[in-house]
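Engineer: Line by line, the protein sequences give chains A and B. Going by the numbering used here, the residue at position 363 of the first sequence is 363; the numbering climbs one at a time, nothing skipped. To convert a position in the second sequence, counted from 1, into the numbering used here, add 424.
It should be emphasised that the hints constitute simulated quantities derived from the structure, not laboratory data. Honestly, I wouldn't trust all of these hints.
[Claimed, not checked] So the derived list for chain A, only partly shown, Cβ under 10 Å to chain B, looks like this:
1. A75
2. R108
3. H262
4. T329
5. D330
6. C382
7. A385
Just so you know, even glycine gets a beta-carbon here, dropped at the ideal spot from N, CA and C.
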Amino acid sequence: MTVECDVLVVGGGPAGLAAAACAAEHGARVVAVDQGARPGGQVWRHVHRDHLPALGRDWIARCERSGVRWIAQAAVVDGSARDGLVVVRRGESFVVRARRIVIATGARELFLPFPGWTLPNVLGLGGAKALLDSGMTVRGKRVVVAGTGPLLFPVAAAVARSGAHVATVAEQAPLRQVARFAVGLVDHPGKLLQGVRYRGAFARTRYHLDTWIGRAEGNGGLERVVLTNGRRTWIEPCDLLCCSSGLVPNTDLARLLGCVVHDGIVSVDEHQQTSDPCVYCAGEPTGVAGDAAALIEGEIAGRCAADDATLRRGSPLYVTRDRWRRFATDLAAAFHPRSEMLERPDAGTILCRCEDVRCGSIDSRWTGRQARLYTRIGMGPCQGAVCGPACQLLFGFAPGAVRPPLGAPSIEALLPATTSSDSM
Amino acid sequence: MTSREFEIVVDGRPIVVSGDATLAAALLNAGVVHFRTSVTGEARAPLCGMGSCFECRVRVNGVAHQRACLLPCEEGMIVDTGTPSMRTQPP
Numbered sequence: 001m002t003v004e005c006d007v008l009v010v011g012g013g014p015a016g017l018a019a020a021a022c023a024a025e026h027g028a029r030v031v032a033v034d035q036g037a038r039p040g041g042q043v044w045r046h047v048h049r050d051h052l053p054a055l056g057r058d059w060i061a062r063c064e065r066s067g068v069r070w071i072a073q074a075a076v077v078d079g080s081a082r083d084g085l086v087v088v089r090r091g092e093s094f095v096v097r098a099r100r101i102v103i104a105t106g107a108r109e110l111f112l113p114f115p116g117w118t119l120p121n122v123l124g125l126g127g128a129k130a131l132l133d134s135g136m137t138v139r140g141k142r143v144v145v146a147g148t149g150p151l152l153f154p155v156a157a158a159v160a161r162s163g164a165h166v167a168t169v170a171e172q173a174p175l176r177q178v179a180r181f182a183v184g185l186v187d188h189p190g191k192l193l194q195g196v197r198y199r200g201a202f203a204r205t206r207y208h209l210d211t212w213i214g215r216a217e218g219n220g221g222l223e224r225v226v227l228t229n230g231r232r233t234w235i236e237p238c239d240l241l242c243c244s245s246g247l248v249p250n251t252d253l254a255r256l257l258g259c260v261v262h263d264g265i266v267s268v269d270e271h272q273q274t275s276d277p278c279v280y281c282a283g284e285p286t287g288v289a290g291d292a293a294a295l296i297e298g299e300i301a302g303r304c305a306a307d308d309a310t311l312r313r314g315s316p317l318y319v320t321r322d323r324w325r326r327f328a329t330d331l332a333a334a335f336h337p338r339s340e341m342l343e344r345p346d347a348g349t350i351l352c353r354c355e356d357v358r359c360g361s362i363d364s365r366w367t368g369r370q371a372r373l374y375t376r377i378g379m380g381p382c383q384g385a386v387c388g389p390a391c392q393l394l395f396g397f398a399p400g401a402v403r404p405p406l407g408a409p410s411i412e413a414l415l416p417a418t419t420s421s422d423s424m
Numbered sequence: 425m426t427s428r429e430f431e432i433v434v435d436g437r438p439i440v441v442s443g444d445a446t447l448a449a450a451l452l453n454a455g456v457v458h459f460r461t462s463v464t465g466e467a468r469a470p471l472c473g474m475g476s477c478f479e480c481r482v483r484v485n486g487v488a489h490q491r492a493c494l495l496p497c498e499e500g501m502i503v504d505t506g507t508p509s510m511r512t513q514p515p
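When you get a sec, could you build the whole thing from the sequences and use the hints?
Structural biologist: Here is the structure:
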């Protein structure tokens with residue numbers, strides 16, 4: 001089966017919703033492919049639409065009104081801009097051919113391994129938010145929130161509002177960097193106000209700066225986390241630890257399509273066009289800047305992909321976008337992992353969770369390719385999505401080449417339909 | 425707003441879940457902390473919550489390696505947790 005359209009949008013978060021809606025409103029036949037069961041991506045993941053912030057509800061409704069054909073629970077696994085993209089949905093594959101493609105694949109979390117990070121009930125920051133937004137209940141639990149950046153605030157607030165006790169919030173960045181970032185927020189009063197509102201939800205919890213995780217401990221499950229600020233080390237008993245060390249743009253699809261990616265970020269021009277004139281990119285893959293930036297970039301990408309000739313350099317949309325690009329630079333400068341977090345963990349700490357490769361198995365003289373061949377690191381189902389960015393930072397490995405299929409589709413999904421008699 | 429509730433079967437035991445939750449959220453709410461067994465025998469549970477880490481894999485209606493964080497609960501789902509990973513399975 002082949003689906004034909006003018007614009008194919010990959011990803012259903014803020015950038016993808018805005019790109020799809022705006023392209024359709026400008027006359028394009030639009031197909032959107034998203035992994036989630038409902039539109040919204042990670043930021044606007046929801047069980048009931050009326051639990052979403054008004055902005056999220058409005059964009060989802062606008063996208064529905066615009067006539068976008070939304071394909072949920074589907075993932076792009078292979079293809080090219082010219083011949084179309086192979087999409088897998090519920091164990092079956094089909095091709096979507098489009099004149100233009102908008103990549104809006106968002107970001108995932110950066111996990112730097114520490115002893116105990118593989119224990120059940122150690123979740124990502126975004127992971128905890130995603131699970132809460134998917135119906136997880138944490139009422140009555142004692143929770144530690146640790147990591148870096150503005151994401152600590154909505155996560156701690158969501159945990160507190162769900163009836164859990166937020167024992168501690170720990171930010172690894174030093175006071176000097178956080179203070180400089182906070183001063184810069186005067187250019188983004190909306191973000192500042194949002195931050196204050198989130199802080200109100202966990203007002204009685206101490207927000208430690210310069211503090212990071214030493215290790216997590218427990219017998220079969222998490223029982224406590226050891227925090228440190230370099231001078232003092234203390235134990236926080238907890239039932240749940242929400243932690244990560246930042247966000248990593250998802251650039252696999254861009255790289256599969258041959259778009260230029262520099263330092264982990266997809267290169268785009270002022271129209272959000274990548275090095276391939278048929279392919280646009282919006283949101284976190286062009287540099288982590290959050291949902292407001294993603295919406296503006298999505299709108300620009302969608303309208304340009306639909307050949308809207310009224311958009312040009314200097315238009316207000318572009319000026320706002322450029323302001324958010326500066327916000328991305330400020331974020332990256334304030335919340336990069338501190339040197340103590342980039343020290344190699346103990347030999348026994350697991351680095352690759354799929355293949356259970358421990359830090360001690362990796363020889364620092366190896367290249368990434370040698371490490372893969374000798375230890376199977378990064379060769380499990382996640383294909384290095386989790387350990388890959390950590391290995392780049394801890395061991396200086398170059399990112400591996402992207403090979404189709406992306407993700408881990410079942411072989412049956414990629415084969416032509418077979419009858420039950422020849423399926424053995 | 426209240427949502428529809430129904431039963432799914434987890435490791436042979438019926439549990440009542442909210443029909444809107446993902447399977448990962450429902451299993452965590454039911455106290456499951458052992459979603460899959462790692463290649464060296466460790467218990468693993470969700471990490472990323474959004475489909476990229478593959479730690480929440482369970483067997484659903486006989487189909488192995490389903491990411492629970494991406495699956496909405498469906499009435500009558502039969503879920504097996506803690507199953508060994510590919511390489512430790514007998515041929």
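Engineer: Next, verify each hint and record whether it holds.
Structural biologist: Hint by hint, here is what the structure shows:
Here the hint on A75 of chain A is kept, as its CB sits about 8 Å from the closest CB of chain B, short of 10 Å. At about 5 Å, the closest approach between the beta carbon of R108 of chain A and any beta carbon in chain B falls short of 10 Å, and the interface hint on this residue holds. A hinted interface residue such as H262 of chain A counts as satisfied when its beta carbon comes closer than 10 Å to some beta carbon of chain B; here the least separation is about 22 Å, so the hint is violated. At its closest, the beta carbon of T329 of chain A sits 25 Å from a beta carbon of chain B; the interface hint therefore is violated under the 10 Å criterion.
Given hint, D330 of chain A at the interface with chain B, is violated; its Cβ is 25 Å from that chain's nearest Cβ, farther than 10 Å. With its C-beta approaching chain B no nearer than about 5 Å, C382 of chain A sits inside the 10 Å limit, and its interface hint holds. For the restraint placing A385 of chain A at the interface with chain B, the shortest Cβ-Cβ distance is roughly 5 Å, inside the 10 Å limit, so the hint holds.
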